[in-house]
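Starting from the known structure of chain A, fit chain B onto it as the hints suggest.
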Amino acid sequence: MSKVRVLVGTRKGAFLLSSDGKREKWEVSGPHFAGWEIYHVKGSPADPNRLYASQTSGWFGQVIQRSDDGGKTWFQPGTPPGEPTKGPDGMPKGESNKFVYDTSAETGKPLTTHQFYDGTQHPWEFKRVWHLEPSHSDPDTVLAGVEDAALFRSTDGGVSWHELAGLRGHGSGPRWHPGAGGMCLHTIIQDPKNPNRIYIAISAAGAFRTDDGGKTWRPINRGLKSQYIPDPEAEVGHCVHHVAFHPSRPDVLFMQKHWDVMRSDNAGDSWHEVSGNLPTDFGFVIDVHAHEPETIYVVPIKSDGEHFVPDGKLRVFRSRTGGNEWEPLTKGLPQSNCYVNILRDAMAVDSLDSCGVYFGTTGGQVYASSDAGDSWTPIVRDLPAVLSVEVQTLP
Amino acid sequence: MIRVILPPHLRTLARVSGEVELEVEGPATLRSALDALEASYPMLRGTIRDHVTQQRRPYLRFFACSEDLSHEHADFPLPDAVVAGDEPLLLVGAIAGG
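Respectively, the protein sequence lines represent chains A and B.
First residue of the first sequence: 1, per my numbering; consecutive thereafter.
First residue of the second sequence: 1001, per my numbering; consecutive thereafter.
Quick caveat, the hints were computed from the structure, so don't treat them as lab data.
Yeah, the Cβ is synthetic: ideal placement off N, Cα and C, and Gly gets one too.
Hints may contain errors.
Label-pair ranges, simulated between beta-carbon atoms [unchecked claim]:
#1 Ala34/A <-> Glu1023/B: 26 to 36 Å
#2 Gly1085/B <-> Leu394/A: 47 to 57 Å
#3 Glu125/A <-> Ala1084/B: 32 to 42 Å
#4 Arg1011/B <-> Val28/A: 48 to 58 Å
Which residues of chain A face chain B? A few of them, derived with a C-beta cut under 7 Å, are [what the hints assert, rightly or not]:
#5 Lys93
#6 Gly94
#7 Thr362
From the derived model, a few chain A residues whose C-beta atoms are all more than 12 Å from chain B [claimed, not checked]:
#8 Asp69
#9 Pro84
#10 His170
#11 Asp311
So here's chain A without its partners, still in its complex pose (with noise of 0.2 Å):
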């Protein structure tokens, strides 16, 4: 029988929840890394049990953690346990923590500015690591997208890291924003007909795409309006909150926006609205069922001010037309005094034959359906606050 495992990434450890293909009984396994900061933890397409982690602190800052047992032991991938600490010239090792903007003349890009919260001019600073996204094929090579917004790629299965400089090097950069949580790249699609073509998502620049493998790039925001920014049709400078797609159609794309729920049908040459009877379109997650392309979920969020969920309810929306007609879903769901939010990587679903849908909360719930989302149980109830959670289906 098929199972299932769920990666959850919290303010302080990361979890892993495992189930048979019933998704009834879960066993919790963690704190991983506890006490640190996991914005993501993310499965090999490739090899299920290779599993990356982004683990990270105000103090020590940016760590990167590796699996290859499915969860069971982790360790940096630049000093496995056992090996020489100093590598070849001597020097130690220790790279798979090293996030250094390309500057070189040859491949990299000079150290631009964006735009500060005061208007200022500010240079790129290396934060944290808010996405993994390994690649379809290779267990060894995975994309990150960081803080201050900018995408890092692996082929050495995370020991180092090396910048796609032409994303920063765009040129629009000084016209990119931080948003609440930092100027941070949340978002990485890969085409998995089209490895050339990948999709990112910046908080607060937009959605860019390259058709050339990562080496140019350029801005997808044709259709979007942000009311909240002095040119609200401008070509950068929206906060695009998630951005998701079925892998059969990767032409067609699904955003949440700051507000606004959205959708392209030409790779996001162009978007339209598609919030229709929302009872409000800010949010921050939004995900597409396994089976059903057009069948796509969101949590809407009270307001941009106030990031919980309206009325004190929390209803998952559910719309099977791929927009604008959107039905609650409740049952299960706290319906009286919830306040809780859903980050933007914190909803996943698993591809059994009923689907599996799974969202986790700043509350420390973990909430399952195994039935696409008509009926949620809680798996955990009690965690820290969710920040990120992905599924694996395995055999």
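Frame of chain A; chain B shown alone:
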């Protein structure tokens, strides 16, 4: 032999449970002590000093013999008692956050 006391999270990263003991080549300074620490425990690279600038991370402090060495130059000689191994060099995380 220099004794170094790491904050708990760095002890976990370095997979050590107590004090760390280091042999420092040449004059014992903050820089040479941290170089020796990172040579023995390379997983700590970047967690104490910035990878590029080699500056102390802002929320970490260095103390020895009841003195705050955090703002001393990297080539500041460590106190004799630290060099002799009688007193440890302490790396302390700032009290901040929750």
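* Are all beta-carbon distances from Asp311/A to chain B longer than 12 Å? -> Holds, because the least Cβ-Cβ distance between Asp311/A and chain B comes to about 29 Å, which exceeds 12 Å.
* Can you let me know if the beta-carbon spacing of Arg1011/B and Val28/A is within 48 to 58 Å? => Given range 48 to 58 Å: violated, Cβ gap about 25 Å.
* **CB-CB spacing for Ala1084/B and Glu125/A relative to the 32 to 42 Å hint** => For Ala1084/B against Glu125/A, whose Cβ atoms are near 40 Å apart, the range 32 to 42 Å holds.
* **Satisfaction of the hinted span 47 to 57 Å by the C-beta atoms belonging to Gly1085/B and Leu394/A** => This hint holds: roughly 51 Å between Cβ atoms.
* Asked: Is the nearest Cβ of chain B still more than 12 Å from the Cβ of Pro84/A?
  -> Given a closest Cβ separation of 10 Å, the condition is violated.
* Hey, is Asp69/A genuinely clear of chain B, shortest beta carbon separation above 12 Å? => holds, 17 Å
* Report holds or violated for the interface hint on Gly94/A, using the least CB-CB distance to chain B and a cut-off of 7 Å. => holds, 4 Å
* Would the least Cβ to Cβ distance between His170/A and chain B come out above 12 Å? -> For His170/A, whose nearest Cβ neighbour in chain B is about 23 Å away, the distance exceeds 12 Å, so it holds.
* Closest C-beta approach of Thr362/A to chain B relative to 7 Å, hint status -> violated, 14 Å
* Asked: Are Ala34/A and Glu1023/B spaced within 26 to 36 Å by their CB atoms?
  -> Holds - the Cβ-Cβ distance for Ala34/A and Glu1023/B, about 32 Å, lies within 26 to 36 Å.
* To do: Classify the hint on Lys93/A as holds or violated, based on whether any CB of chain B lies nearer than 7 Å to its CB.
  => holds, 4 Å
Hint compliance for this structure: hints 4, 7, 9 are broken, all remaining hints hold.
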